[in-house]
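A.B. asks: Chain by chain, the residues:
Protein chains: 2
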Amino acid sequence: MKTGLIIGLIVLAISGTFAQKPTPPNIVVFLVDDMGWQDTSVPFWKQVTELNRRYRTPNMERLAREGLKFTNAYAMPVCTPTRTSLLSGVNAAHSRITHWTSPNKDKNTDYPDTTLNPVDWNYNGLSPVAGIEHTFHATPLPTLLSQNGYYTIHTGKAHFGSAGTPGSDPKNLGFQVNIAGSEIGHPASYLGTDNYDRPGNGKPNRNAVPGLEAYHGKDVFLSEALTREAIKAVEVPIQKKQPFFLYFGHYAVHTPIMADKRFIDKYLKAGLDSTEAKYASLVEGMDKSLGDLLNFLDERKLTDNTVVIFMSDNGGLSTTPLRGGQEHTHNLPLRAGKGSVYEGGIREPMLVRWPGVVKPGGVSEQYIIVEDFFPTILDIAGVKKPKVVQPIDGKSFLPLLKNPAVNDTTRALVWHHPNRWIPAEGPMLHWASGIRQGDWKLVYDHRTAALELYNLKSDIGEQQNLATAHPDKVKQLALLLTKQLKTWNAQMPTFKKTGKAVAWPEEVIP
Amino acid sequence: MKTGLIIGLIVLAISGTFAQKPTPPNIVVFLVDDMGWQDTSVPFWKQVTELNRRYRTPNMERLAREGLKFTNAYAMPVCTPTRTSLLSGVNAAHSRITHWTSPNKDKNTDYPDTTLNPVDWNYNGLSPVAGIEHTFHATPLPTLLSQNGYYTIHTGKAHFGSAGTPGSDPKNLGFQVNIAGSEIGHPASYLGTDNYDRPGNGKPNRNAVPGLEAYHGKDVFLSEALTREAIKAVEVPIQKKQPFFLYFGHYAVHTPIMADKRFIDKYLKAGLDSTEAKYASLVEGMDKSLGDLLNFLDERKLTDNTVVIFMSDNGGLSTTPLRGGQEHTHNLPLRAGKGSVYEGGIREPMLVRWPGVVKPGGVSEQYIIVEDFFPTILDIAGVKKPKVVQPIDGKSFLPLLKNPAVNDTTRALVWHHPNRWIPAEGPMLHWASGIRQGDWKLVYDHRTAALELYNLKSDIGEQQNLATAHPDKVKQLALLLTKQLKTWNAQMPTFKKTGKAVAWPEEVIP
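Order-wise, the sequence lines are chains B and V.
The numbers in our numbering rise by one with no breaks, and the one at position 185 of the first sequence is 202.
The numbers in our numbering rise by one with no breaks, and the one at position 14 of the second sequence is 31.
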């Protein structure tokens, strides 16, 4: 009986401590690759679209029901800048990681252009240490979380920096565990029977997915293998009663667009284009992973103390023949897709669930941007005044989580992509900048020095250029964009013919 | 002057000899894999179909203009039986090579069925020597041509027999040269940059295409590499002034359906399903190869003395998700596709050009079948009474080449497929037999013992089963089919439940 009493007292004492200093919540960032704003059965627009009806994402629907939907969440037009902004809190124009990093070190991935010279951007990506050439040095989010008691797990696609630099390995960026992440930006194959590899010329593919040997030769789709491993990894902090940060970066739904056999039949039967059917199966396989994770949290009674943030890293790919159907229609009603500073390239499906803090079924129309994740997640974790080497551009959206009605139309968001992405031309796919303030958006084409103005409230598809009708708005936004880019010491490409730099937006105000 | 006179006399003498004993013509068999009856801009039906408008095959158009079009040419429902019938002159029911042979020896490729036991067919394929288990022993066509002065070249897909048996190597079948042929039935990859291979689990794919090392690592599509090598190989008999037999078995357009980059753009721009666009590019790449070969014959002034026979080995694949679009619509107006004894599985695009013998632009509606190639080609080559170990079922169509109006409605063609092809069920894809006489066709479903009767003249799509309306015709054809199958000692599967064999068609006449 004495022992019982003592144990009882200890339990009371512990409970007391917890009451005063609550355990910080677990945090899951569920980041999908190349998923567009409409690639889901959750409607992010004011109406349910044909694309919403096409895709089947019941677990995203669950997350939307139980959490908060952000209808104006933004990322960068391509993947590395989004990922490094998320981990650093710094805008891509500012970090100079404006484009996707090659798996190989010291390789500028800009496709050669006949008009402009590439800028000397940080094409080796993010670095947790100073002095690495062509990298941006920052104190990464996982490092800070790890220092503050979190067990930090990286799963899936990393793509933060090139091989041979510290940033290529998630374990150098503050992750205590790394599952299948490296310098690669997409998998060579989604198939376990391929060993997640597709060798060419007798050599392993540079995009072979590392570290999933247990699934080699088995009929386990990559999305599934990652999910099983992530759940296994989370068991460790659960046992240790330590809060965890799970960064789950799916390789899906990036190319190669391969069928996830578990889900493809219904899309084929629906008569979908065959590549689009495969794509839809990739989306549903990713959603199944989300569901497995949510179910796991339920089973382990962790749901109430876990924040789940769902996000994608850029707009849906909309070039053919990689996608099926007509090019640049894959993010409708949004214009264009991955690579573009039009909405199709940057607007993302975003959901946040946090029981007890975020009211279920809410919607926030406030625009936010991916560098906001850094200060927000630190806020959620209760990390005050973190010691970081970089200047933070992001703004915490924790207030929005608590009150989705908050509406700030004065803030300006900036995109800057002084790079050429692919051989093909397309709607603002290369060499462009953009700024949004309130409902207004200015887009700047570097090669033609053209400024386009759109009102996103009345024209989400960016079809009506209002630059001529609203010269004052053009001027105001061009000045604001220029000021911000100059403040960040952003890079502008130079013309091949003259050697002169592309003009700042303010210099070309009509 | 004296020398000149002597040379003149020699020339005269040689010419004289030729006049008495003409050089036999060169013979090209251009055999495409899995190409359907409608996968071409050449209309083989009475009207131009949507599929004819989709595909671009200008060189087949040329061949049709300059030669004879067979609108009722038949092969077997799957590839090996067609190929071994062509090389042996024996019907598949008779040779007992009724299904596709595995690259691996002693492997029955029948997919397991819940109702029927597989038959003990010759699943190691064709053999040029006696005593090899599960093979059909025959004297192959190339052996006979080689013995009769032909230089015999094999290019591309062989698939005559399993590895470890003599029939797997075209050089054992009378071919003096073999380019890229082996026991495999399709390429692991069409890409030179893949080395025509797609290793899995760290091992080379069993379907890696052999012998094209010169193109490894190069951006040369398989159809192109084969064409270049075939043309190079033909130089040898040209130099030797020896007639040649070129058997050019394209791997195209079999799966994996990969884009031939040279041709895909227009199909994508036309808004075609993405897999179907790739398929169309495979078709056009194959047609380009035909054009290159025809141009080469022109350049070397060989056109007039070369017979070119164009054929496919079975109907177009019509199952999804391997094909795009709705399943079983890929050979319309014909019913079903590869694997089936309905017309979509067996009717083939066939063209024959032979300047001076075949009148340009002709059409023959006479039905012929692939075992006819054997006696026909021997006739063309002037080989009389060849010594062969096998009984010949085929009938020479040389008279048809000379007079396409010949019309024989008494002959009966037989298909026999006592095998299960794939996991999926589909229109007569498994366990079926068929017979055609005149315009009538009887189809026999082994599992249900159902007899279906169609009139192909009025109903090419086999939509109206006339069995009830024409019991006498059913009876006559069922008796004829049974007689022929029994004559050939054809195999019938047995029921798992009872151990009893499937009834002969004559036993189930209603």
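I should point out that these hints are in silico values taken from the structure, not numbers from a laboratory.
Be aware that one or more of the hints could be misleading.
Note: identical chains are not told apart, hence a pair may lie in one copy or across any two.
[Claimed, not checked] Using 25 Å as the maximum straight-line C-alpha spacing, the simulated PhoX-like pairs for lysine-lysine come out as follows:
1. K63 to K402
2. K517 to K235
3. K500 to K63
4. K474 to K401
5. K220 to K318
6. K376 to K412
7. K278 to K220
A.B. asks: Against the earlier hints, flag every one the structure doesn't satisfy and list their numbers going up.
C.D. replies: Of the numbered hints given earlier, those the structure breaks are 1, 2, 3, 4, 5, listed in rising order.
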